[in-house]
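One letter stands for each residue in the lines below.
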Amino acid sequence: MPKYTGSVRSVIIALAVTLLIVVVSNTAIGTTNISPVLTAKIIYMGLLECVQGTISWILSLIGIQFDGSTLFNSISPDRTWTDGQEKIIVGIRLPRVLLAALVGAALATAGCSMQGLLKNPLADPYIIGMSSGAALGAAIGFALLLPIQLISFIFATITIFVVYNISKVGGKVPVDTLLLAGIAISFFLSALTSFFLFFSESLHQIIYWMMGGFWNASWDKVKITLVIVFTGILLSYRHSWNLNVMLLGEEQAQSLGVNVESVKKQVLILSALITAAAVSVSGIIGFVGLIMPHIMRNIIGPDHRGLLPASTLMGAIFLVLSDTFARTFPTKAQAVLESNDIMLFQVILERVGSLQGVDLPVGIVTALFGAPFFVYLLRKRRKSLYA
Amino acid sequence: MLEVNGVIVKYGNRQILNQVNLRAEKGKFVGIIGPNGSGKTTLVKTINNIIKPNGGSITVDGRSLDTMSSVEIAKNIAMVSQVISINFEFTVEDVVLMGRTPYIKGAETHEDMEIVQDAMKKTKIIHLKDRFVTQLSGGELQKVIIARALAQDPKILLLDEPTSHLDITNQIDILNLVKDASRKGMLVIAVMHDLNLAAYYCDKIYLLRDGDVISSGTPDEVLTPSNIKTTYNIDVEVINNQITNSLYVIPRLEPLGKKTQLSQRDIMSTSA
Chain A
1 MPKYTGSVRS VIIALAVTLL IVVVSNTAIG TTNISPVLTA KIIYMGLLEC VQGTISWILS
61 LIGIQFDGST LFNSISPDRT WTDGQEKIIV GIRLPRVLLA ALVGAALATA GCSMQGLLKN
121 PLADPYIIGM SSGAALGAAI GFALLLPIQL ISFIFATITI FVVYNISKVG GKVPVDTLLL
181 AGIAISFFLS ALTSFFLFFS ESLHQIIYWM MGGFWNASWD KVKITLVIVF TGILLSYRHS
241 WNLNVMLLGE EQAQSLGVNV ESVKKQVLIL SALITAAAVS VSGIIGFVGL IMPHIMRNII
301 GPDHRGLLPA STLMGAIFLV LSDTFARTFP TKAQAVLESN DIMLFQVILE RVGSLQGVDL
361 PVGIVTALFG APFFVYLLRK RRKSLYA
Chain B
1 MLEVNGVIVK YGNRQILNQV NLRAEKGKFV GIIGPNGSGK TTLVKTINNI IKPNGGSITV
61 DGRSLDTMSS VEIAKNIAMV SQVISINFEF TVEDVVLMGR TPYIKGAETH EDMEIVQDAM
121 KKTKIIHLKD RFVTQLSGGE LQKVIIARAL AQDPKILLLD EPTSHLDITN QIDILNLVKD
181 ASRKGMLVIA VMHDLNLAAY YCDKIYLLRD GDVISSGTPD EVLTPSNIKT TYNIDVEVIN
241 NQITNSLYVI PRLEPLGKKT QLSQRDIMST SA
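Chain order of the listed sequences is A and B.
Using full-length UniProt numbering, read the first sequence as starting at 1 and increasing by one per residue.
Using full-length UniProt numbering, read the second sequence as starting at 1 and increasing by one per residue.
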């Protein structure tokens, strides 16, 4: 039920436009020089092909042959780029940028929902143990050579299920109990992960994974994440008003006809799902889910009808920027990659175990920038951060 | 229209309400009084279905609360509880609009906004509508919460100690407002601490002690020295207040005469 005041709506529109610009311009950044305009053209072309493909696929389902190539050719840009450039943009950079945007959106939305739900300004998507669950899953996955994405997703989901059921007292889930149960389970799972690490031979891989990053982004990952995150975020928005009402107290919300326990359960499940989807492709990236909602709350206020979408967009923007910083940060391995020195490359590969050593983990970047900014906010507001 | 029949509420093994019966018609102002821990708040929360009774039944216009959805209950019953503060920067209008929650499907309509404006006018807070609720005084905030309850357009308005932390002006303001709502056909049920305000405003009073209704009826019938002695365990004098033409309960306190007056020296020595 959007009733945005003028300023809230314009902030959201501005953020959406910024996100678009950030995605295109950051796809243009990288070791091979491709201008932003050319990048935009290549992305636009890819998008057109995608749309054309989807339309003819849908039409073929209902038995109509559709050849829109004349129509689409008329609105396509001139092909002024090489196949190599297209491969770099569409095959390598774009999935990575999009994945970063999706994960940022997911973490910020989940963080915002959790802060509202738990009425706790310190809440983030990981607060009730999802990250520790995912990390344990990844550790087990690396050790037993299982698919990391799937198993960390499963572990994160199981964790939230366990925490929820531990906190359940007579059909209700008091938020304080939820928090404490989450912390207890978190510690337990972290201990298990450390135990695994101690005996594991894939120590490097697990630790790199836990620091978070997008070095192994692919279109497959983008697709899976897109489906879960997009649906999860849209469904979360449906609870905006109920989250507002619940901020004034659960009993009052109940008195106003809000089914508090059901809202709580749904918001928790949605946040858990999108967080698990994000963590399973990117590892544990801190601070996005904690800080983005705070920044937006400072700008547009506590009304979740505006706050949730604004946080989503801001999270996406921030993580794309952070990841660009991370992947362009000069590391030794990158220098090697660029020099095409295969020998040296293999030496590094052997030492690090995988290509993961190439980039600075983005989790380091978000925390390095995020933490001081959080402190700045804290000092600036003086009164409660949460108001 | 509201019937509470033999309602039992237990917290664990402790029984808070022992088969409470209450009957009230629309347009009445019903007071619930009794000492701390007598079950007053539990009773109103049970009527609001926030606490589910362990026995007995509650019906509104002949329909049991058990058969009603939480949205239906919210359309019939509104609750004003004691609000000390709200920590979120919602505007007054936002908070009053929250009263429309049971009616809003998708987006609020023009009609919803009109009802909200109307509720703010009735409670005389329309000038505050764009202010943040975090910046209001206790009295203003309580009026916002009452406006929210009025926007809910209920048949029954429950109030849990609505004025206990307010100054005398705000107390009278808010009780007049609520009395007005009851005159227009709403059933008001208010938990009250001030026996004299209860005597003045209430058409009917229920006196509770340890989860039992000790006495119920008009203020004259309930506020007797013996009833008050058995529930509150203090001796009182009940007189007819000529100014308000209602009962006035005066505790029989020992006059603070010479016997108990501290000498200057005593004060000096205790503070030292």
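It should be emphasised that the hints constitute simulated quantities derived from the structure, not laboratory data.
Any given hint could be a false lead.
Here are the simulated DSSO-like cross-link-like pairs (lysine-lysine), alpha carbons at most 30 angstroms apart as the crow flies [claimed, not checked]:
1) Lys52/B x Lys168/A
2) Lys172/A x Lys52/B
3) Lys168/A x Lys204/B
4) Lys52/B x Lys121/B
5) Lys184/B x Lys172/A
6) Lys204/B x Lys124/B
7) Lys168/A x Lys45/B
8) Lys172/A x Lys45/B
9) Lys52/B x Lys265/A
10) Lys265/A x Lys45/B
11) Lys265/A x Lys10/B
12) Lys265/A x Lys121/B
13) Lys129/B x Lys119/A
14) Lys10/B x Lys172/A
15) Lys119/A x Lys28/B
16) Lys121/B x Lys172/A
17) Lys168/A x Lys75/B
18) Lys155/B x Lys172/A
19) Lys10/B x Lys119/A
20) Lys204/B x Lys119/A
In silico contact screen, one side only, chain A against chain B (beta carbon under 7 angstroms); selected entries [to be verified]:
21) Gly53
22) Glu251
23) Leu256
24) Asn259
25) Val263
Just so it is clear, CB atoms sit at the ideal spot from N, CA and C, and this is done for glycine as well.
Okay, the hints, checked on the actual structure:
| no. | hint | in the structure |
| --- | --- | --- |
| 1 | Lys52/B x Lys168/A | 17 angstroms, holds |
| 2 | Lys172/A x Lys52/B | 13 angstroms, holds |
| 3 | Lys168/A x Lys204/B | 41 angstroms, violated |
| 4 | Lys52/B x Lys121/B | 35 angstroms, violated |
| 5 | Lys184/B x Lys172/A | 38 angstroms, violated |
| 6 | Lys204/B x Lys124/B | 27 angstroms, holds |
| 7 | Lys168/A x Lys45/B | 22 angstroms, holds |
| 8 | Lys172/A x Lys45/B | 17 angstroms, holds |
| 9 | Lys52/B x Lys265/A | 20 angstroms, holds |
| 10 | Lys265/A x Lys45/B | 23 angstroms, holds |
| 11 | Lys265/A x Lys10/B | 26 angstroms, holds |
| 12 | Lys265/A x Lys121/B | 37 angstroms, violated |
| 13 | Lys129/B x Lys119/A | 24 angstroms, holds |
| 14 | Lys10/B x Lys172/A | 17 angstroms, holds |
| 15 | Lys119/A x Lys28/B | 38 angstroms, violated |
| 16 | Lys121/B x Lys172/A | 38 angstroms, violated |
| 17 | Lys168/A x Lys75/B | 29 angstroms, holds |
| 18 | Lys155/B x Lys172/A | 28 angstroms, holds |
| 19 | Lys10/B x Lys119/A | 29 angstroms, holds |
| 20 | Lys204/B x Lys119/A | 40 angstroms, violated |
| 21 | Gly53 | 34 angstroms, violated |
| 22 | Glu251 | 5 angstroms, holds |
| 23 | Leu256 | 4 angstroms, holds |
| 24 | Asn259 | 5 angstroms, holds |
| 25 | Val263 | 11 angstroms, violated |
Hints 3, 4, 5, 12, 15, 16, 20, 21 and 25 from the list above are not met by this structure, while the remaining hints are.
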